[in-house]
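Full structure from sequences and hints, please.
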Amino acid sequence: MGAVIDPATDPKKTTHLYFGPQHPGVTGNMSIEMWFDGDQVTKAITHVGYLHRAFEKLMEKRLWIQNFPLVCRICVPEPDINEECYAMAIEELAGIEVPEKAKWIRTLVLELARFAVNLMAFGGQSGTLGLHTAGMWGITFRDFVLDLFEELTGARIYHIFIQPGGVRRDLPEGFEGRVEAVLKKIEERLPELDRLVLNNAIFKLRTQGVGIVKPEWIEEYGLVGPVARASGSTRDLRKDAPYEVYNQLEFDVVTETGNDIFARAMVRRREISQSMSLIRQILKKMPKNGPVATKLPNLTTWRVPAGEVYTRVESSRGEYGYYVVSDGSLTPRRIHVRGPSYVHAVPLLERMLVGANIADVSNIMVSLTTCPPEIER
Amino acid sequence: MYCNQRPEKPGVKKGMLEKINNMARANSLWVTAYGTGCGAIELRPLGTSRFDMERFGIAMRPTPRQADVLIISGYLATKTLKRVIRVYEQIQDPKYIIALGSCTINGGMYFDSYNTLNVLDKYLPVDVYVMGCMPRPEAVIDGFSLLMQKIKDGRAQGWKHYKENLDYYRENQKKIITDWDLPDYNW
Amino acid sequence: MIDKTKKELEIRFPLLKLVREMHNYLHVEVEKASAMDAILMAKTSLGFKTLQLISSVDRMEENLFQMTWILENYNNETTLLISARYPRENCIVPSLSDIWPAASAFEREIFEMFGISFPGNPREGEDFLLEGWKDIPPMRRDFLTEEYSMKLYGERQPREHLDPRQYIGDMVGEWNTPMGQKRKEEK
Ligand code: SF4
Numbered sequence: 001m002g003a004v005i006d007p008a009t010d011p012k013k014t015t016h017l018y019f020g021p022q023h024p025g026v027t028g029n030m031s032i033e034m035w036f037d038g039d040q041v042t043k044a045i046t047h048v049g050y051l052h053r054a055f056e057k058l059m060e061k062r063l064w065i066q067n068f069p070l071v072c073r074i075c076v077p078e079p080d081i082n083e084e085c086y087a088m089a090i091e092e093l094a095g096i097e098v099p100e101k102a103k104w105i106r107t108l109v110l111e112l113a114r115f116a117v118n119l120m121a122f123g124g125q126s127g128t129l130g131l132h133t134a135g136m137w138g139i140t141f142r143d144f145v146l147d148l149f150e151e152l153t154g155a156r157i158y159h160i161f162i163q164p165g166g167v168r169r170d171l172p173e174g175f176e177g178r179v180e181a182v183l184k185k186i187e188e189r190l191p192e193l194d195r196l197v198l199n200n201a202i203f204k205l206r207t208q209g210v211g212i213v214k215p216e217w218i219e220e221y222g223l224v225g226p227v228a229r230a231s232g233s234t235r236d237l238r239k240d241a242p243y244e245v246y247n248q249l250e251f252d253v254v255t256e257t258g259n260d261i262f263a264r265a266m267v268r269r270r271e272i273s274q275s276m277s278l279i280r281q282i283l284k285k286m287p288k289n290g291p292v293a294t295k296l297p298n299l300t301t302w303r304v305p306a307g308e309v310y311t312r313v314e315s316s317r318g319e320y321g322y323y324v325v326s327d328g329s330l331t332p333r334r335i336h337v338r339g340p341s342y343v344h345a346v347p348l349l350e351r352m353l354v355g356a357n358i359a360d361v362s363n364i365m366v367s368l369t370t371c372p373p374e375i376e377r
Numbered sequence: 001m002y003c004n005q006r007p008e009k010p011g012v013k014k015g016m017l018e019k020i021n022n023m024a025r026a027n028s029l030w031v032t033a034y035g036t037g038c039g040a041i042e043l044r045p046l047g048t049s050r051f052d053m054e055r056f057g058i059a060m061r062p063t064p065r066q067a068d069v070l071i072i073s074g075y076l077a078t079k080t081l082k083r084v085i086r087v088y089e090q091i092q093d094p095k096y097i098i099a100l101g102s103c104t105i106n107g108g109m110y111f112d113s114y115n116t117l118n119v120l121d122k123y124l125p126v127d128v129y130v131m132g133c134m135p136r137p138e139a140v141i142d143g144f145s146l147l148m149q150k151i152k153d154g155r156a157q158g159w160k161h162y163k164e165n166l167d168y169y170r171e172n173q174k175k176i177i178t179d180w181d182l183p184d185y186n187w
Numbered sequence: 001m002i003d004k005t006k007k008e009l010e011i012r013f014p015l016l017k018l019v020r021e022m023h024n025y026l027h028v029e030v031e032k033a034s035a036m037d038a039i040l041m042a043k044t045s046l047g048f049k050t051l052q053l054i055s056s057v058d059r060m061e062e063n064l065f066q067m068t069w070i071l072e073n074y075n076n077e078t079t080l081l082i083s084a085r086y087p088r089e090n091c092i093v094p095s096l097s098d099i100w101p102a103a104s105a106f107e108r109e110i111f112e113m114f115g116i117s118f119p120g121n122p123r124e125g126e127d128f129l130l131e132g133w134k135d136i137p138p139m140r141r142d143f144l145t146e147e148y149s150m151k152l153y154g155e156r157q158p159r160e161h162l163d164p165r166q167y168i169g170d171m172v173g174e175w176n177t178p179m180g181q182k183r184k185e186e187k
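Protein sequence lines correspond, in order, to chains U, H and B. In terms of this note's numbering, the first sequence opens at residue 1 and continues consecutively. In terms of this note's numbering, the second sequence opens at residue 1 and continues consecutively. In terms of this note's numbering, the third sequence opens at residue 1 and continues consecutively.
Accuracy of the hints is not assured; some may be wrong.
As the list claims (entries may be wrong) - Below, simulated SDA-like cross-link-like pairs (lysine to any residue); rule was C-alpha separation at most 20 Å, straight line:
#, chain 1, residue 1, chain 2, residue 2
1, U, K61, B, P101
2, H, K150, H, V69
3, U, K185, H, R50
4, U, K239, B, P101
5, B, K151, H, R50
6, U, K214, B, K49
7, H, K150, B, P101
8, H, K152, B, K182
9, B, K49, U, P215
10, U, K43, B, P101
11, H, K175, B, E147
12, B, K182, H, E164
13, H, K174, B, M150
14, B, K49, U, K61
15, H, K174, B, K134
16, U, K43, B, D98
17, U, K214, U, R351
18, H, K160, H, L29
19, H, K175, B, K151
Hint data in this document are derived by calculation from the structure and do not stem from the laboratory.
So this is what it looks like as structure tokens:
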């Protein structure tokens, strides 16, 4: 007796439930512990760690180049971001120049990956509301893009295509035409997808005004990507701190001011169109000839010069950061990955869910596109 | 509430009826929707019209109580193993496990990680392994058809095996799950 | 932009060491006693309102932990990294969780991975990534993950064939597990 009972977790008034990890509404393998009063959430705790593979420890044991197969597995839907970020860090530390053509190919790969993820995420948002058709379409469209990746890199999911100082190989012959064909095929279908999702009364009712992210949280929590841009932020690293050749491409940063799930879906939808236009621009402006990689020293004895650097890349979920520390030995000293989901899924989600309705929980979670592997690594 | 008794030893069934049962089981494999590792991302294209797993009678089910198959889609962290055991034991008999990827076979690229298992065989009875990192959707379908064949032949007996050798599996599981707080028998 | 930040930090903290300076990017190292002051100053008067990451590096040879706070200014896209070194034994670092709510999660992870304590963090000690961990914190340099993995999950079997098909096929049969034996008999 005497202990103060927190009203949010009072066992007499609230129900205690676990959501996940085995649950079809959870994005990936994570779980939320929640207390409900009626059907309102009074407290939520995110549990992560189900996918912890100790990447950062393993990377300290492997050679610099051996880490490329590891880093791409940190984010399953969009692995190229990790390779790019890690390669940028190594280039910065070792002072390697990237040839012009390689920069264009890298941008193409990154943009294709973002395109694929956004298709899946846009469809997936309606999938949680029972609109499975749109979810299926999104995944099917993504499959066409994966075919392009397969042709370019040899693998559907994990490409291991970007390497320090360039990319692994040049574009195959006639690749531009096939990219254009895929874009066209998807473009024809997109209006139907829009009609199915954005004009759907149920989708609107369930998403407008739900899952509000207040604009003042952006700086407080460090929100990035579509989550921040749906709340009025105009930050996009591709524009504000351009890497590779983004400064030579024309595009506008997508922003919405709805603050809710609908606005986030809208941002993703508009970024799909944006990616398509960017891919077309890249293919048009890309130089036809030139080397695609710099020659690297013997990789088995390659010592990257000592130093510390933090590199950032804009992924489909927001700013992705790698903090790389080298002590001049054969292996990295420390690599710390800062995925955008880290703040979205742990502090932000815990705060957003308080007061939410039980039926909206998975909807809110999917709208943040939390990706557990990048939280846990 | 759990059944707190040791599982009974399943008897060996033979004969025509069992054959017909197996035929029926093989053609309606329902899968628990639990993505435990990276392989889960290739399970979603399987549901689309391109690969269309429903033509084989394979469907995703939200809860283990309705499912027959558990797909271990990659590496298992020790924290996940605990949940997977719980999920597996809640599936009704007969049940099958398909393991995807080299991580489940021998640890794959995380063989020296402190938090992922190396040989899944020691902790759960796996019926079919699909190799690859990560296996393509076609390979997963291939794994399913192998499982179907095994069921039809009456060879997919992993669940019986698990019950018979429960002590062996429990001992291994408890060795790595240091804070074991599950009931010992939770069928 | 970054010049002004550098100048103001230098005036306030004369012992400051410059680690790296690039376009819109500054990394400084301060004395451990003035680390919190520097962070607060960056937040209140230099405009670095957002905390991106708290990271730590184990410098075992020097018996030190290096903490790094990565701050960002969203208005003009500048990054400021502030580092400080703390002794390795019973390492205690002030918590930032009352200034930035996001700091709490980063600190919980570092507590688990390095054993660095952050007094003032209300949720310190809650399980974050690991569950029931009993060994020394795993990200410390003196924790040997390969040995640990070998002890707990068993050794990786050496490769006898170069043909993957044969290699994986054989290994599944040769495993020293009951299911493995069964598969061998079936062959
Ligand atoms: S086998 Fe490869 S794809 Fe599968 S879980 Fe392991 S690392 Fe991931």
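The hints, checked one at a time:
Taking the CA atoms of K61/U and P101/B, the gap is near 33 Å; set against the 20 Å cutoff, the hint is violated. For the hint linking K150/H to V69/H, the alpha-carbon distance of about 13 Å falls within 20 Å, and the restraint holds. Taking the CA atoms of K185/U and R50/H, the gap is about 15 Å. The hint holds against a cut of 20 Å. The suggested pairing of K239/U with P101/B is violated, with an alpha-carbon distance near 28 Å, which exceeds 20 Å.
Among the hinted pairs, K151/B with R50/H is inconsistent with the structure: their alpha-carbon atoms are about 44 Å apart, more than 20 Å. Pair hint K214/U plus K49/B holds up; C-alpha atoms about 16 Å apart against a cutoff of 20 Å. Our distance criterion of 20 Å between C-alpha atoms is broken by K150/H and P101/B, whose separation comes to about 54 Å. The hinted pair formed by K152/H and K182/B meets the criterion: a straight-line CA distance of about 18 Å does not exceed 20 Å.
Proposed proximity of K49/B and P215/U is supported: the alpha carbons are some 14 Å apart, at most 20 Å. Straight-line distance between C-alpha atoms of K43/U and P101/B comes to about 16 Å, which keeps the hinted pair within the 20 Å bound. Proximity of K175/H to E147/B is assessed by CA-CA distance (about 16 Å); at most 20 Å being required, the pair is judged to hold. Between K182/B and E164/H the CA atoms are separated by roughly 13 Å; this keeps the pair inside 20 Å, and the hint holds.
Among the hinted pairs, K174/H with M150/B is consistent with the structure: their alpha-carbon atoms are about 17 Å apart, no more than 20 Å. In summary, the hint linking K49/B to K61/U is not supported, as the alpha carbons are separated by about 35 Å, beyond the 20 Å threshold. In summary, the hint linking K174/H to K134/B is supported, as the alpha carbons are separated by about 14 Å, within the 20 Å threshold. This hinted pair checks out: K43/U and D98/B have alpha carbons roughly 19 Å apart, not beyond 20 Å.
In summary, the hint linking K214/U to R351/U is supported, as the alpha carbons are separated by about 11 Å, within the 20 Å threshold. Restraint check for K160/H and L29/H: satisfied, since their Cα atoms lie roughly 18 Å apart, inside the 20 Å limit. Annotation: proposed proximity of K175/H to K151/B holds, straight-line Cα distance about 11 Å (limit 20 Å).
Consistency with the previously given hints fails for numbers 1, 4, 5, 7 and 14, ordered from lowest to highest.
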